[in-house]
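*Asks:* For chain A, the structure is supplied; the task is to place chain B with the ligand on it using the hints.
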Amino acid sequence: MLREQIEKLLPLVKSPSRYIGGEFNSVVKDKSKVDVRFAFCFPDSYDVGMSHLGMKILYSLKNKRENFWCERVFAPWPDFEELMRKNNIPLYALESLDPVKEFDFIGFTIQYELCYTNILNMLDLAQLPVKAKDRTDDMPIVVAGGPCVCNPEPLADFIDLFIIGEGEEVNLELMDLYAEMKKKGCSKREFLEAAAEIEGIYVPSFYDVSYNLDGTVNAVVPNNSHAAKTVKKRIIKDMDSVYYPESFVVPYCEIVHDRAVVEVLRGCIRGCRFCQAGFIYRPFREKSSDTICRQTKSLCETTGYEEISLSSLSTSDLSDIDETLRRLSEYTEEEKVNLSLPSMRIDRFSKELLEQIQKVRKSGLTFAPEAGTQRLRDVINKNITEDEIMRACKLAFDGGYTGVKLYFMLGLPTETDDDIRGIAELAEKITDLYYQNPNRQRGKHIQISISCATFVPKPFTPFEFEPQASIDEIKHKQKVLLDSIRSRKRINVSWHNYRVSILEAVLAKGDRRLCDAVYEAWKAGCKFDGWDEFYNYDAWMEVFERLGTDLDFYAHRMRSYDEISPWQHLDYYVSKDFFIRENKLAHEEKTTFNCREKCSGCGVSKAVGGACFGKN
Amino acid sequence: MEKINLRAVFEKSGHAVFISHLDLMRAMQRAIKRSKIPVWYSQGFNPHIYLNFPLALSLGVTSKTEFMDFAVTEPCDYAALTETLNKAMPEGLKILGIAEPVFANKDIGFAEYTIEFKSDVPSEEMLSALENMMKADTIEIDKRSKSKGTVKLDIKPHINITGTETASGLLHVFVRLPAGLELNINSNVFIDTFAALSGIDFTSVYAERTKILCLNGENFR
Ligand code: SF4
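Here the protein sequences come in this chain order: A and B. The first sequence runs 1 to 616 under the numbering used here. The second sequence runs 1 to 221 under the numbering used here.
The reader is advised that the hints may include incorrect statements.
Some chain B residues close to chain A (C-beta under 7 Å, calculated; not the full set) [said to hold, decoys possible]: (1) H15; (2) F18; (3) I19; (4) D23; (5) R30; (6) K33; (7) R34; (8) P47; (9) G60; (10) P90; (11) S204.
Here are the simulated distance ranges between beta carbons [stated by the list, open to error]: (12) A:N439 x B:V151: 51 to 57 Å; (13) A:E323 x B:I4: 36 to 42 Å; (14) A:V256 x B:K64: 31 to 37 Å.
These aren't lab readings, by the way, just hints derived from the structure by calculation. Note that CB positions come from ideal geometry on N, CA and C, so glycine has one too.
Isolated chain A (complex conformation):
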């Protein structure tokens, strides 16, 4: 039993309650009575991982099955990791405190590229070989899912199989298969072969990748008769009947999103051309107002949370949003629960919505125009106009707000200095609007904060072909922006670290040859790359240099439409033809209708058998 050893160390570390389990609603089973044990690993800290909705869904879903036991595992913060290593405590799961190396499955959910080194580090902490080929039959099967596995190639050496698409059905199928084959005493290889036959399962070792002389991919070919030529993602058809947890594990320490969350819809009708989520989660499917209200009530009652949030890529696109909010606020007011509404679009911003938002907290409002001029907003298909932005700001100022936060991206395809200056102009116009508004808060000045991310081209978007701007270009753009802001006192500008975005771009569009770089970076001590205090740019660059990895090739190169991408054997139903069409439209500065207005034939509808929306 590790308990005693762990408890002895806990008084020495920050926020110890996250390492010992026992939280309300956590599921403890008798291990002698279950067939399959699954260690669900989130490759980041407890505070981040416990906020993640997908993990909560799959945790409850698996535990609902009597013969499965799913437990939670997070990356220990470096202070505790050091003590674990010193005292030879292997990575363990929070429910049983058993080492994860004794489990049947170790499953990672991969939400962002910057956690790749943490995956290796966790496997190593588990006292397992990090490379799949070095793990023997008596060791757990290591699986991974989540948005990043739409291009899992930079992790191909470390993971036995990837789960492509939505996990609710396929996870259970996989565990059922395992339970059956475990009884028969099958080998790992036999299991992987059988698993590869399940739709949505990608076993990377069953594919050979060859390259052209110029470094691009020549072909990805199955080397095992059980592996399909292309692996299709899994889609849940009906959101009202799909499993949703009745309760969440309630943490003791404060986590990033410390509240109950109801997922109200999946997918997005918008098709912003930079947004990977907008394409890989297609099609748009929503829950009925009845379902949303029922799930809200259940979660509030079983957790005791004082806040509930509606989650989706764009909550204001819910068909009966007004009716749903009316019914929800009836309940939440009665129960003294706060209702928070992230992911609201500017063009759907209304007085009613504003009032609802204000009930919870009066902190700043956030809008995401993403680009400073209409021209560039058309290029990225962010279908909002300056008028709509102004109208939303006016409503906010009428409602007593004295500040807004605006999100932009720098380095978008076709961007010119004029577009950058457009960001400043937009901010100045909002400032003017504020001072001209007779309804504004008297005696208060406005504060606008502009937050700029660097554009990272992602697979499965119309911009997957595009190069990322170079460090010099970004520096130039930052200077142009700063130079064009007049009201420095009222308008404050900040940016994400470009050195982080470049690693994201390389890993996002990388191929299998990057596995070595990920491995070497981890060996060099890289972990928690998503955390400013740990990100070690120089170490990564040193590794890339040593291995001869050409960053320009991965991140800063325009890829031709007919180049075979490293992820071409994975099928998210949105066709490459559609992405090419959309890319061309972007360069012509032409927008595309949203899915509710008109279907643009992206290809997803065939996966749901017919039209995505009743009529189109």
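*Replies:* Okay, now just chain B with the ligand, sitting in the frame of chain A:
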């Protein structure tokens, strides 16, 4: 709205000993909300469940004598209330009883602890190390205070050892320490001081708070 002030005695053990004081507040609020008892909310723009803990407990310490003040909006049967609350409590937190408060926070003067020291060193050796420590004229520690920064404090006169017991590899110390507004010495200060002065490498130390007393010596309730 009617407001009836109540005081619960509760147990903190198992996993729950690693819940910090701040987190305990949240955990209790959530448990109370789940229990659906007619709890009283603070009034205002953003109502919250009113809770107050008269005396904080250090991280890692077990106790069956913790207090929590809250209020209800209608007269309740205390036994039934206790039962309802316990159904909603996380593992390691348990309400032992509910009554109306008698004393105020400022009346608290002392707390008593049972501390188990475990070591590879024979228990007699641990005991004589403790006796040696207590024979000294002064036991000076660095104490942080909000206004003066770090100050030297002689805790010797404030440590009241009421008994000891030894078993193989174990030393149990029963100790009373000040826990008032004027002076508060928590059990970890005593443990750390003993560890530092004796130089003994303890394999584990378990502390349990057994009593909270008023300045006048009466049990706090
Ligand atoms: S098939 Fe048409 S409606 Fe469906 S997601 Fe694609 S573009 Fe939108």
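*Asks:* So, against the hints stated earlier in the document, which numbers end up violated here?
*Replies:* The structure breaks none of the hints.
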